[in-house]
Each structure stands twice: as C-alpha cells, then as structure tokens.
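*Asks:* Take a look at the letters that make up each chain.
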Amino acid sequence: MKVEEKLFKTKFKADAHEHCHLKIKDREICLKCDTKPCTAFCPAQVYTWEKDKIIVGYENCLECGSCRIACPYYNIEWRYPRGGFGVQYRMG
Amino acid sequence: MAQEKFDCIIVGAGPAGLSAGYTLAKAGLSAVIIERGDYPGAKTVMGGILYSQAIGEIIPDFYKEAPLERPITEQRVMVLTGESSLQLGYKTKEFAQAPYNSFSVLRAQFDGWFAQKVDQAGVMVIPKTVVDTVLKENNRVVGIQTEQGETLYGDCVLACDGINSLLSQKAGLHQEWQPQDVALAVKEVLTLPKEKIQDRFNLENNQGCAIEFMGTISKGMTGIGFLYTNKESISLGIGCLLSDYQKSLIKPYDLIEEVKSHPAIKRFIDGAKTEEYLAHLIPEGGFYRLPPLYTDGMLVCGDAALLVNSIHREGSNLAMKSGVLAAQTVIEAKGRKDFSSKTLSSYKKRLQKSFVIQDLKKYRKMPQLLHTRNELFSRYPQLASEIAAELLRVDGRPKAEKEKKIIKKIFETHSLCGWGKMLFDFWRATR
Ligand SMILES: Cc1cc2nc3c(=O)[nH]c(=O)nc-3n(C[C@H](O)[C@H](O)[C@H](O)COP(=O)(O)OP(=O)(O)OC[C@H]3O[C@@H](n4cnc5c(N)ncnc54)[C@H](O)[C@@H]3O)c2cc1C
Ligand code: SF4
Ligand code: SF4
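Same order as they appear, the protein sequences are chains A and B. Numbered continuously in this note's numbering, the first sequence closes out at residue 83. Numbered continuously in this note's numbering, the second sequence closes out at residue 1369.
These are calculated hints, taken from the structure and not from any lab test. All values derive from a computational prediction rather than experimental measurement. Hints are supplied without guarantee of correctness; some may be wrong.
[Claimed, not checked] Restraint-style ranges between C-beta atoms, simulated for each label pair:
#1 6(A) to 1114(B): 22 to 30 Å
#2 1020(B) to 0(A): 24 to 32 Å
#3 964(B) to 19(A): 36 to 44 Å
We put the beta carbon where it would ideally sit given N, CA and C, even for glycine.
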C-alpha cells in the first residue's frame, strides 16, 4: 500500500493556501542539505525534492512535529494549522 | 471569548488536560479547557492501551459507560527477525473482570467521552482554538492568547498540550526537543470482523490481546512495534527514535508495510482493510531529560513534560496522574491565594511521591543504554532466532554438537566478559 493510498484513508480539513502552516525559511539551505532527511522521515511525504527545489504538500501533514525537530538546519517554520483545520482523526 | 478571569486555564483536551479539568471541577474551581482540534480526540494518537487504575482513580465506574474496545486479558512479546518469530505470552482470566487491568481504546472516541464528562462536571471544553502563547506580567504567567488574538486570564495556566509543547517553549521553560528525545510512530487501524479477531487471537468473546514486537524488523533502529485488538479492528504500528530515522533515511510508511508483510503479523491482518493512517511522536528521553515542570503561574503535564515510561509503553496513565496532581496543586495554591513558583513547586514533590517520577527514575539509565546498545535491535534478536532454530530443527545431528554450535554462536557475538558487561549494564539500568 502506497503512502498516497494510506493518506487517502485519513480525513483532512484543508485550509486555504494563505494559511499554509509549514514554511521553508531559506530555500538556499535546502540546496546545501546533503541527505534531505525531511523527504524520508516525514510520515506523510509532505516534502518532496523536485527540480532542485523542496515542495511542501502541507495539506497531507499529520501534524506529528518531526520535521520541526529533525530538520538538521531547523529550516522549517512550523505552526499548528488554524483551529479545527488539518488532520481529523476518526479513530486515533 | 468573554473577558473573564478563571482560576485555571488548561491548554489541551488530552488525558492530562481532561483529568486536570475534572479534578478542578469537582473541587468547585473555575476552569476552561482549550483544544485546537475540531473535537477532542481529532489530533490525538495512541496505541492504545488504557490502564484502568489511572482513569478509575478519576471516574471509578468508567468501564460501565466509556467507549472501550476490549479488556486486555493476554499480552505477548514477539521478537521478529527475517521470516521468523520468537514469542512469550501471559494470559489470565483475572484481567477479564472488573475492575479490569487495561482496555484497548480508540482515542478519538475515548477523548470525546471523557471531555463530555468534564463538561458535565462544570468545566467547558472550547474546541477549534489554537492557543498561540502565554501572557506574562512581571515575568509571571497570567493567561493565554489565542491565534485569533483573543486573550484569556487565569491565576494559573496548565500546559497539557502534548509532545509538541510549543507553549512551554514560548514560556521559556525549555528549548526544542532533540531528535533522540522522541520516537516517531506510525499506525494503521485495520478493520476485521469480530469472529476473525476472536479466531486468530484465540480470544473468548469480547476479550482482547496486546502484542508488542521488536527485533531486526526495525532495521537496526531503536524501536518497538505494537498490535492491539479492538472490537472490530486492529491497531498496528511501530515507533522508532526520530534520530534513527534522521540518519537511516528509512521511510516510516515503507517500514509499516514491511511490518504488515512479516509472516508473524500478516496472518493476523490478512484480509483486513486499512481504515485510518496516523502518525505521532512519543516522548522517549526519560528521567534525565525531564524539562522544568513549573514556573510562576504555570504547570506542565503529560507528554508536554515528557512524562512517558517508554520501557513499559505507558503514557496516558502518567498524563492522567500528572493532570490530577497539577489540579491538586492549583487547589492548594488557590487556598493560599499564591500561584508563585514557590507554591507551585509542590507539584513536583507530588509527582516524586507518585509512580510517575519514581518509575521514570527507576529506568533513568535505559534510554541512553538502548541508544548505545543498538545490538538489541540487530544482533541479539538475530542470535536468539538462530539459537531457537538450531534447538528446534530435527536434522539427525546429535544434541551435543548442536549445543557446541550454539555456544560458538553466542561467543561470536560477545566474549564472556562482553556478555557479562551487557547483563550488568541492563541490571544496573533498572536499579
Ligand atoms: C503510537 C502511540 C502509541 C501509544 N501507546 C500508548 C499506550 O498503549 N498506552 C498509553 O498509556 N500511552 C500510549 N501512548 C502515549 C500516550 O498517547 C500519551 O502519553 C498521552 O496521550 C499524553 O496525553 P497528553 O494529554 O499529555 O497529550 P495529548 O494526548 O497529546 O493531548 C494534547 C492535546 O492538546 C491539544 N493541543 C496541543 N497544542 C495546543 C494548542 N496550542 N492549543 C490548543 N490545543 C492544543 C492537542 O490537540 C491534543 O488534543 C502512545 C503514544 C503514541 C503516539
Ligand atoms: S531537512 Fe531541512 S534543510 Fe534539509 S531539505 Fe529538508 S527542510 Fe531543507
Ligand atoms: S509535522 Fe510530521 S507529517 Fe507534518 S510535515 Fe512535519 S514531519 Fe511531515
């Protein structure tokens, strides 16, 4: 089962783009980041490396907090989605 | 929100916040709980085994009305390597009767029920609201501000906001956690008909089974997996240190797929359908990494204070107990009309007298040991599996020869001195 299929099973209430809760602070730093661990450990594959650029698919974020702690350059500005938005676990 | 002042403002409607709210309500104090989720439970993840003792201390008859899945009557530990598994189990009828030892639960449902009880007791739970920061006056916490800019004042603020406790960071209590302080867990809830669950796990009607597993299945990362039976579903997941994920570049969703395809797990979930996919962090740092637990006008409870006994996979019970003890501290402070850190320091003393800090202290050396003794997740399970295979394989070779081979294997792993040191380290880590 692919991660996309897994995420499809989980309910989200996506907020508008201007309220995106994850931001890359400095894109230059990502260019220098060797292993780009965020593209591996993020359980929702929010970060993907495409054409020399990190893409942030914030809508699928499971709000675990890993990227805030484990980006080796602390290059991710991490907030909670606005109240009531984001992941909505039905089982937990 | 109205500009009124509360005795206590609680941030987070998880087990810690709800336990604190209930205790304050019963003592007649005014409090409010603010929760960022659409409803309590929308953001929380647990394995999850709920321990009766902790919730029973707060709501003694909880098992008569709470949405619980199955009372756990059997616990198993499995060591998984390659295609093989080694097992140890314990089953007892005693756990199938009131007051029960533990239950499997689904947190979205359980938290909703608990929040309703708190509401009925007189403490309002306000959902859909993110608390942005604490308000301070003269270096003392006096309230909170929401992301919408609304302010709310209280004599005391309880940070019950879980592992990503941004609130206590903003209050200046501690810095960001380190990747080795937390485990990243992924979980799936898989639906399976009742009869199949009962058949496959050998269970009588509504009883439940809890399995924990470790071994080379975590690919050398420090990690533990779990499989718990619910009424008509199975909770399956695995958590590994975030620092190990950071280094290994293993993808958590690939790892859980490998878990699902291990023969020892596959037979349990065959035909089951993934209903939900979840991820959450678990505190792993233990005693030595505990942050400050209080400051003027503020207390920190549950995961926000890293109060998890990762050796025994207990967290919700420590969260509940710390919530109750924080509430008792607030009640005492209210009596004295003094919410200074001096008065609030009795919270720490209360925790020290309880199982919460005593258990964390007992296992204080374990996190470091698990870190350095990485063999536990690679060579040791492999060795155990090879020994079992050697012992059980009937291949016409004399037993004496097999014994020799086993002893050789054991001492290829460590010298006698090395094994002695390993055992001594573990013995000492649990003193
Ligand atoms: C995969 C997994 C398996 C586990 N298994 C078990 C188990 O089997 N048994 C067990 O006892 N424990 C288990 N635990 C641990 C247990 O889940 C936690 O210890 C427990 O939930 C901690 O409770 P808490 O109230 O401190 O935090 P949480 O349950 O995390 O609750 C915090 C609440 O605060 C809210 N919040 C956070 N920030 C804000 C904010 N700024 N504003 C408003 N609201 C906010 C959140 O939405 C959340 O509802 C497990 C944990 C995980 C991740
Ligand atoms: S880990 Fe941090 S620095 Fe590296 S690519 Fe990801 S966001 Fe950029
Ligand atoms: S919080 Fe977790 S799920 Fe969300 S982007 Fe960061 S690592 Fe991925």
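*Asks:* Compare the structure with each hint and give your call.
*Replies:* Taking the hints in turn, this is what the structure says about them:
no., hint, in the structure
1, 6(A) to 1114(B): 22 to 30 Å, "24 Å, holds"
2, 1020(B) to 0(A): 24 to 32 Å, "29 Å, holds"
3, 964(B) to 19(A): 36 to 44 Å, "55 Å, violated"
In this structure, only the earlier hint numbered 3 is contradicted, and the remaining ones agree with it.
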